[in-house]
Amino acid sequence: MTEQGRGVGDQGSRTDRAKARPEADTPDTVLDALLASLVTPRTPVDLRASVLRRIGEGRDSRAAVGGWLSLNWRWAALAGAAAVVVMATAMVLWRGSSPQPSGGVARSARPAPASLAPPAGPAARAERVPNEVTAETTLARVERPAGRTSRGATRRPSVADASEVDVAVALPPLEAPAPLLVSELSTDGLQIERVPVSAPLEIAPLEIERIDVDRPRIPKR
Amino acid sequence: MTDTELVERARGGEAAAFGELIERHQIAAVRAAMAVLGNADEAREAAQDAFVLAFRRLGSFRGEASFKTWLLTITWHQAINRRRGIAQRLKRLVGLDDTVETRAADPNSQEHRLVAAEHAAHVKRLVRSLPRRYREALMLAATRECTFEEMARIVGVASGTLKWRVNRARTMVRAELAKLGYQDD
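Chains C and L supply the protein sequences, listed in that same order. Numbers 1 to 221, taken from the working numbering, label the letters of the first sequence in order. Numbers 222 to 406, taken from the working numbering, label the letters of the second sequence in order.
These are calculated hints, taken from the structure and not from any lab test. Please read these numbers as outputs of a predicted model, since none were measured by experiment. A few of these clues could be false.
[Claimed, not checked] Covered stretches of chain C, as calculated for chain L (at least 3 residues, CB under 8 Å): (1) 32 to 41; (2) 81 to 93.
[Unchecked claim] One side of the interface only, derived from the structure: several residues of chain L facing chain C at Cβ under 7 Å: (3) I243; (4) E244; (5) Q247; (6) I248; (7) M255; (8) A261; (9) Q269; (10) F272; (11) V273; (12) A338; (13) A341; (14) V344; (15) R346; (16) M360; (17) T364.
By construction, the Cβ of each residue, glycine as well, lies at the ideal position given by its N, Cα and C atoms.
This is chain C alone, in the form it adopts within the complex:
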C-alpha cells in the first residue's frame, strides 16, 4: 500500500502499521490504494474531546442519580412501610365489612320424602348418624354461616371421626324430583365429593351449594 492512499487522519506510527499489515506478502497495487482510500477519512480524526466529554456527562448523570437516591432512600423506605400498613388496614376493614355467605341449603332445599326422613326417637337417631343426613337435618342443624375460615378459604368438613356418610341434599323440584345422594352426584364431575364427616353439623352449607344442578345424575330407585 502506498502512502498516497492514506488519509490526513492517519496518525499511527510507521512501525505499528508495518507490524499490523495483514497482507505483507502481497504487493501494494493501485487496487490496494483505492481500497484503502475507501476506509480512510479525508479530514483529521479527533475523538478525544468528544468522547471524554460524553464519558464525563455519563459520570455526572450517574452521580446525580446516585446522590438523589442516597438522599431519598430513607424517605422511600418510610413511604413504602406506610403504604404496606395502609394496605393491610384496608384489607382488614374490607374483610370485616364483607357479608359472610349464608347457608345455601336453605334456598334450594325442600323437605325430604318420608323414605329419607330421619326416624323419630333417640335410638333411631343413633342409627341414623352417621349413616345418612337428610336435607331436613341439614337445614335444622347447620346454622352456621358458611364454611369460610378467617383467611377466606373454604373450610372442608371435619374428618375428626372419619366415618363416611351419604349426605342427602334436597334440590329444587324442577331439577330433581327427589333428594339426591351426594355420593352419587360426585362421581361424575360434580363439585361435591363423598365427604367424610364426623357429624352432620360439620357439613358446610357452602359445600352443598356447589352441587352442579345442570348435570345431576339422578339415582334410579
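The hints should help you fit chain L onto chain C, whose structure is shown.
Just chain L now, kept in the frame of chain C:
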C-alpha cells in the same frame, strides 16, 4: 506506556489515560467503522460510541486480546448496529460516501487524474456490489490496522475463513475491473 498500563489507569478513573488510548486507536476505530458503514461521518459517530462503550466496559476487559482488538471488536459491532438503522439505510440509498480519493493518481497530469477518478469510482461501485461478508472482510483488510487473526476475532469467524473472504473479494473486484479494461499494477 503500554495499552495495558493505560487501561489499568483508566480503570482507576484517570481520564487522561483513556484519552491517550483514544489518541492511539481512534484512526483504527474510524477505519474499521468505515469498512462497515462506508461513510466517514457515520464511522466517526460509531467510533465515538464504541469508545464510550469501551470505557464503560473496561472492567470486562481481561487482556485476552490486545486492547486494540478488543476496541475494534466493539467498534465493529457498533458500526453494524448503526448500519441497521433506518436513517442509515436511507442515506445509503441516496449515496454512500465521499471518501474516494484520487491521490493515488499522478497529480501532475489532469488526464491521469480523471482516469484515476474514474478508476476509483469503478472500484467503489464494485466493492459496493460485493456480498456483504466479502465486502466487509475486504474493507477491514484494507484498513491494514490488524493481522488476519485479529480481524478474524473482530468479525467473529475463523482466520482462514476471513483470509479466504478477502482473497475471494479481491479476485472478484479484479475480475470485474479487468472486464472494464483496467489492469492492476
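Proposed interface contact between T364 of chain L and chain C, which counts if any beta carbon pair is under 7 Å: holds, 5 Å
Holds or violated: is the Cβ of M255 of chain L closer than 7 Å to a Cβ in chain C? For M255 of chain L, the interface hint holds, since the closest Cβ of chain C sits about 4 Å away, which is under 7 Å.
Hint validation: M360 of chain L versus chain C, beta carbon distance must be below 7 Å. Holds or violated? Holds - the Cβ of M360 of chain L comes within 7 Å of chain C, reaching about 5 Å at its closest.
Measuring from the C-beta of A338 of chain L to each C-beta in chain C, is the shortest one below 7 Å? Hint on A338 of chain L: violated, closest Cβ of chain C at ~10 Å, above 7 Å.
Does I248 of chain L pass the interface hint, meaning its C-beta sits closer than 7 Å to a C-beta of chain C? At 6 Å from the nearest chain C Cβ, I248 of chain L passes the 7 Å test, so the hint holds.
Is the hint on R346 of chain L kept, meaning its closest Cβ partner in chain C is under 7 Å away? The hint is violated - R346 of chain L has no Cβ within 7 Å of chain C, the shortest such distance being about 11 Å.
Return the status of the interface hint for Q269 of chain L: holds when the least beta-carbon distance to chain C is below 7 Å, violated otherwise. This interface hint holds because 5 Å falls under the 7 Å limit.
Let me know if the C-beta of Q247 of chain L comes in closer than 7 Å to any C-beta of chain C, holds or violated. This hint holds: Q247 of chain L lies near chain C, its Cβ roughly 5 Å from the closest one there, short of 7 Å.
Given a cut of 7 Å on the nearest C-beta pair, is the interface hint for A261 of chain L held or broken against chain C? holds, 5 Å
Please count how many residues of the region 32 to 41 of chain C have a CB within 8 Å of a CB from chain L and say whether that reaches 3. holds (count 10)
Hint V273 of chain L vs chain C: min CB-CB distance below 7 Å? holds, 5 Å
Hint check: is the beta carbon of I243 of chain L less than 7 Å from a beta carbon of chain C? holds, 5 Å
Hint violations for this structure: numbers 2, 12, 15, all remaining hints satisfied.
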